[in-house]
Amino acid sequence: MKSNNYNTIFLEDERVDGADKVNGKAKYTAEHNLPNLAYAVFVTSTIAKGTIKSIDTSKALAMPGVLDIIYYGNCPLVPGYISNAAERPKNVFEWRGYKVLYDNKVRFFGQPIALIVADTFENANAAIRFVKADYEVEKFETNFDKARLDPANLKGPIIYKRGTEKKFKETNFFVEAEYNIPIEVHNAMELFATIAHWETEDKVTLYDKTQGPKSTQSTVAKTFGLPDKNVRVIAENVGGGFGSGLRSWPNVPAACIAAKKLNRPVKLVLTRPQMFTLVGYRPQSWQKIGLGADAAGNFIGISHEAISNTSRYEDFREGIVDVSKFLYASENVDTKYQLLPLDLSTPIWMRGPGEATGCFALESAIDELSYKLKMDPIQLRIKNFTTVNPENKLPFSDINLKDCYAYGVEKIGWKNRPSIPGAIKENGWLIGYGMAVGVFGAGKGSASVRIVLSNDGKLLLECAVSDMGPGTMTSMSIIAADAMQMPIQKIKFKLGDSDLPPGPSQGGSGTTSTVGSAVDLACKTLQQKIKELAVQYAPAFSTTTADALEVKNEMVILKTDANTKIDISALLKLANQEKIDLIINSNGKNAEQLKYTSNSFSAHFVKLAVNAKDGTIKVLNVVTTGDAGKIISPKTARSQMLGGVVGGIGMALTEKVDIDQSTGQIINASFGAYHVPLHSQIPPTDVWFVNKPDIHMNEIGAKGIGEIALIGFAAAIANAVYNATGKRVRDLPITPEKLGFKTAKA
Amino acid sequence: MKPCNQHDGRRGFLKKSASIAALYFTPAMLVKTFAMDAIVPLPIAKEKLAITINGKLMNLEIDARTTLLNLLREDLSYTGTKKGCEMGQCGACTIHINGKRTKSCIQLALSNQNNKITTIEGLSDGLSLHPMQAAFLKNDAFQCGYCTSGQIMSAVACVREGNAKSRKSIQTYMDTNICRCGAYQNIVDAIEEVAKTGAKI
Ligand code: FES
Ligand code: FES
Numbered sequence: 132m133k134s135n136n137y138n139t140i141f142l143e144d145e146r147v148d149g150a151d152k153v154n155g156k157a158k159y160t161a162e163h164n165l166p167n168l169a170y171a172v173f174v175t176s177t178i179a180k181g182t183i184k185s186i187d188t189s190k191a192l193a194m195p196g197v198l199d200i201i202y203y204g205n206c207p208l209v210p211g212y213i214s215n216a217a218e219r220p221k222n223v224f225e226w227r228g229y230k231v232l233y234d235n236k237v238r239f240f241g242q243p244i245a246l247i248v249a250d251t252f253e254n255a256n257a258a259i260r261f262v263k264a265d266y267e268v269e270k271f272e273t274n275f276d277k278a279r280l281d282p283a284n285l286k287g288p289i290i291y292k293r294g295t296e297k298k299f300k301e302t303n304f305f306v307e308a309e310y311n312i313p314i315e316v317h318n319a320m321e322l323f324a325t326i327a328h329w330e331t332e333d334k335v336t337l338y339d340k341t342q343g344p345k346s347t348q349s350t351v352a353k354t355f356g357l358p359d360k361n362v363r364v365i366a367e368n369v370g371g372g373f374g375s376g377l378r379s380w381p382n383v384p385a386a387c388i389a390a391k392k393l394n395r396p397v398k399l400v401l402t403r404p405q406m407f408t409l410v411g412y413r414p415q416s417w418q419k420i421g422l423g424a425d426a427a428g429n430f431i432g433i434s435h436e437a438i439s440n441t442s443r444y445e446d447f448r449e450g451i452v453d454v455s456k457f458l459y460a461s462e463n464v465d466t467k468y469q470l471l472p473l474d475l476s477t478p479i480w481m482r483g484p485g486e487a488t489g490c491f492a493l494e495s496a497i498d499e500l501s502y503k504l505k506m507d508p509i510q511l512r513i514k515n516f517t518t519v520n521p522e523n524k525l526p527f528s529d530i531n532l533k534d535c536y537a538y539g540v541e542k543i544g545w546k547n548r549p550s551i552p553g554a555i556k557e558n559g560w561l562i563g564y565g566m567a568v569g570v571f572g573a574g575k576g577s578a579s580v581r582i583v584l585s586n587d588g589k590l591l592l593e594c595a596v597s598d599m600g601p602g603t604m605t606s607m608s609i610i611a612a613d614a615m616q617m618p619i620q621k622i623k624f625k626l627g628d629s630d631l632p633p634g635p636s637q638g639g640s641g642t643t644s645t646v647g648s649a650v651d652l653a654c655k656t657l658q659q660k661i662k663e664l665a666v667q668y669a670p671a672f673s674t675t676t677a678d679a680l681e682v683k684n685e686m687v688i689l690k691t692d693a694n695t696k697i698d699i700s701a702l703l704k705l706a707n708q709e710k711i712d713l714i715i716n717s718n719g720k721n722a723e724q725l726k727y728t729s730n731s732f733s734a735h736f737v738k739l740a741v742n743a744k745d746g747t748i749k750v751l752n753v754v755t756t757g758d759a760g761k762i763i764s765p766k767t768a769r770s771q772m773l774g775g776v777v778g779g780i781g782m783a784l785t786e787k788v789d790i791d792q793s794t795g796q797i798i799n800a801s802f803g804a805y806h807v808p809l810h811s812q813i814p815p816t817d818v819w820f821v822n823k824p825d826i827h828m829n830e831i832g833a834k835g836i837g838e839i840a841l842i843g844f845a846a847a848i849a850n851a852v853y854n855a856t857g858k859r860v861r862d863l864p865i866t867p868e869k870l871g872f873k874t875a876k877a
Numbered sequence: 014m015k016p017c018n019q020h021d022g023r024r025g026f027l028k029k030s031a032s033i034a035a036l037y038f039t040p041a042m043l044v045k046t047f048a049m050d051a052i053v054p055l056p057i058a059k060e061k062l063a064i065t066i067n068g069k070l071m072n073l074e075i076d077a078r079t080t081l082l083n084l085l086r087e088d089l090s091y092t093g094t095k096k097g098c099e100m101g102q103c104g105a106c107t108i109h110i111n112g113k114r115t116k117s118c119i120q121l122a123l124s125n126q127n128n129k130i131t132t133i134e135g136l137s138d139g140l141s142l143h144p145m146q147a148a149f150l151k152n153d154a155f156q157c158g159y160c161t162s163g164q165i166m167s168a169v170a171c172v173r174e175g176n177a178k179s180r181k182s183i184q185t186y187m188d189t190n191i192c193r194c195g196a197y198q199n200i201v202d203a204i205e206e207v208a209k210t211g212a213k214i
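Chains as they are written, first to last, in our numbering: chain A, 132 to 877; chain B, 14 to 214.
Please note that the accuracy of each hint is not assured.
What the hints assert, rightly or not - In silico DSSO-like cross-links for lysine-lysine, where the CA-CA straight-line distance does not exceed 27 Å:
1. B:69 <-> A:158
2. B:213 <-> A:744
3. B:213 <-> A:156
4. A:300 <-> A:589
5. A:625 <-> B:178
6. B:151 <-> A:621
7. A:744 <-> A:623
8. A:744 <-> A:873
9. A:503 <-> A:292
10. A:236 <-> A:353
11. A:621 <-> A:158
12. A:514 <-> A:292
13. A:766 <-> A:625
14. A:766 <-> B:209
15. A:589 <-> A:696
16. B:209 <-> B:151
17. A:158 <-> A:623
18. A:690 <-> A:660
19. A:156 <-> B:129
20. A:589 <-> A:503
21. A:556 <-> B:209
22. B:113 <-> A:156
23. A:749 <-> B:129
24. B:181 <-> A:156
25. A:589 <-> A:710
26. A:158 <-> B:151
27. A:190 <-> B:59
28. B:213 <-> B:69
29. B:69 <-> A:542
30. A:158 <-> B:113
31. B:129 <-> A:158
Because the hints were derived from the structure by calculation, they are not lab data.
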């Protein structure tokens, strides 16, 4: 894919940190070895709700190598665990969520109730089953489908209204239906882990799996009553996150407490089953959408209601109904969003968060309406296309969905799509085509970057952001190479350490825009500095001004005469400077940029086959298109889109957490029972980007793609399944059973 | 046992009573107090293991319960081999035992007496990349990189065992290795590319 103007100087387009990931040298959190390291494992509850009356740790403590067992009976007091604000020291915030190891309440099945620390992993593990807890069991509720029916259980609502409520019904052409999405789990391949090491009484270093080294630093500092600078969080390589690393989970305080109590470094690694219960998930949701149009297809009203679950101890909300407010032109929109607290752990944003949930419903409804109108679903979308966000009335900074449609239509072979469902049958398989749109807000926040140019010609950039896989190190290096017009091989971008200048958490598709803008600004500032040095120290430029110069190819050049130039390294030596070392702060959107509303968009196209005998669904082909401004790093951007398709296939066809409602236990907490997509389920996928700089968005014209890669995809599948079979499945995942087949062939 | 929320009586990170705190943080004391009337456990005996890892013969004394994966990662610092589930279900821990690809998390280390192990670190000489590693890099066959060692070890076996004849056969062979980042298409591209060269790898 040749798609931007970044190909002038650097030669390779591999990830700059890629070699270490293919040769096994890249170190992830649990792989850091510290002298005298102790190993910790959680003991977890075997009830969903209640109080621990007592814990017998005596047998486990007597096991070989066991150093300590920490639980509510002996847990040191953490300042952030003090509930009473008046008693809490000034700089301390109360810990969000349950106070792990500290109180004796059980809030969900599998909650940590004790921490075993031992000299080896084997010894810690062996002791788990000797810890015996005695519970006072309470009645619990984990059944979303049942509990949501009683309004008394619901929190909220959050209401939005524009125009007339339930207007969609005032036409002959409307659809109204309910949609259900089960709990899905991020399940990044790297297990959550924390290594805590108190260097001194009040100074701690953490190796932690986090998407935000700075936010984890701040959380730990505020919880333990330390100044930020006394907490260092290192997350150089993050083995996937998908949102689960956007807050600190109980493994963080637990490791800190244990390391402090034992006065030695402690490593705590979660197990795969614990990845289902302790580090968040996409909440279960119910939605109802009403959508109506006039005979020509103009939307006259959208009503969108949603309920999603949260825990009993924290409210977690996401933007489920938001897409209905602004993606299409409709004068009348009403939305209502409520929370249903259950005796489960707290959910968190999972790739595409609420928008993925909302788009599944909205984009399915539009497809359904298109059949009623006897209109092509793409034409229906174009009919209701808007360049002004109808919610805030600001123009979109850029929106090129029509280009995405044109590309997808061509590449998927949309002309072969039957307008009547179930019309194509080939060798016992029903063939269908579907498409859907995704949208996510494009933000730009503040970030700081340190930029260091040495007189050996090397350029170093630093920011405390993390890279969970999208290739941040690579795209930032590309931005710097382009801005400086120098070879990427001489550039190093350091990240993943809270000691570096502050950067955002990696989430909400904001890293490239936010940190990229800071890198761009840092490079421009550096160039200005270099030019000024040239005027001051280089005899050839003594009579010119900085404005007359440009910096490229590692030289300072007179704009009007390319032969008048000086090597930057030579210039630094002339100036007697070893290096130029600057810290640059870049801010969020400026007043001009705030006149627009910015989003990234995607359109996904799917061709699939449904076995007419047993209902097996085979995705045959995917075309996925992104409208996200300028694409900085074509190779890694394409990989993100490919990853979104895989995640979307999981969401649409395979992923679902099952809870045993008699115990409240998740009963499929493993890769063996919770099915994420595998190699052979992935169809040939074509990725395409509009790749046009969004000049109103930020200085680099780039927007994020992590979320839009997935948002809308599940609807594209559902729409294709309908096109193939005439069966509309509104409950994910779509299985042969839901298509009316009794049993599926494995 | 004291009720949980009476934090004022407890020592912790608030420096209230430093002298008691010092005592409190001594683990040995705790162990003794609690262990008084408890079972007397048998010490875990160390067992001898002779094993060759990436061409290096090692004579080790290890805990009999140690899995091959934990031996590699925790005891010997071969952290290139990853832990994704410890249940034999994800493939992140894939290595070669006597040339055969195996999931190291569901193997006791001790059952590998005199075996020859190859990990991702031993695939190349450490200076250059193995052709499969190079193909993964070129095709961007990963994002976070956490499943990558396992994917590459399986990929090498896939080609060696003659299972890379078609995309479909590659996919079927590789179904043992999960990539949650979803780099599947690029992984298959990389394997196909290496297989097509026909080179012995
Ligand atoms: S860690 Fe061995 S298969 Fe997952
Ligand atoms: S690259 Fe992240 S899991 Fe495969």
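Worksheet item: Can you list which hints this structure breaks, lowest number first?
Response: Violated: hints 2, 4, 5, 7, 20, 21, 23, 24, 29.
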